[in-house]
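Residue numbers for the sequence shown follow my numbering, so the first one is 528 and each next one is one higher.
Honestly, the hints are just simulated from the structure, not real lab data.
Treat the hints with caution; some may be incorrect.
As the list claims (entries may be wrong) - In silico DSS-like links for lysine-lysine, alpha-carbon gap of 27 Å or less:
(1) K559 x K583
(2) K583 x K594
(3) K594 x K584
(4) K559 x K584
What the hints assert, rightly or not - Each pair of labels, with its calculated beta carbon distance range:
(5) Y557 x G577: 31 to 41 Å
(6) Y553 x I585: 25 to 35 Å
(7) L558 x P580: 51 to 61 Å
Since the model is a prediction, treat every value here as computed from it, not as a measurement.
Don't be surprised by glycine CBs; every beta carbon is placed ideally from N, CA and C.
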Amino acid sequence: MLWYVLVAIVAILVGVVIGFFIARRYMMNYLKQNPPINEQMLRTMMMQMGQKPSQKKINQMMAQMNKQMK
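Kindly generate the complete structure, drawing on both the sequences and the hints.
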């Protein structure tokens, strides 16, 4: 009887660990394909904050965000 309980606990733990890594991989791929902020959104945010966004500044900020994603 104790053997069945131990096997069940180990199976649950293995399932949780595998599920975590599958969910993590899925979310990383989803965020890579659908980035939360694109250049147009960044330009709009900067204009709302009272800054005049140059293309160079937008490219720098996008590069920083992409670097943080990796």
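Cross-check of the supplied hints:
Annotation: proposed proximity of K559 to K583 holds, straight-line Cα distance about 22 Å (limit 27 Å). Simply put, K583 and K594 have alpha-carbon atoms about 16 Å apart, close enough for the 27 Å limit, and the pair holds. Annotation: proposed proximity of K594 to K584 holds, straight-line Cα distance about 15 Å (limit 27 Å). Proposed proximity of K559 and K584 is supported: the alpha carbons are some 22 Å apart, at most 27 Å.
In this structure, Y557 and G577 meet the distance hint of 31 to 41 Å, their C-beta atoms being roughly 33 Å apart. Taking the beta carbon of each, Y553 and I585 are about 29 Å apart, inside 25 to 35 Å as hinted. L558 and P580 have their C-beta atoms about 23 Å apart, which leaves the hinted 51 to 61 Å range violated.
Checked against the numbered hints above, the structure violates only hint 7.
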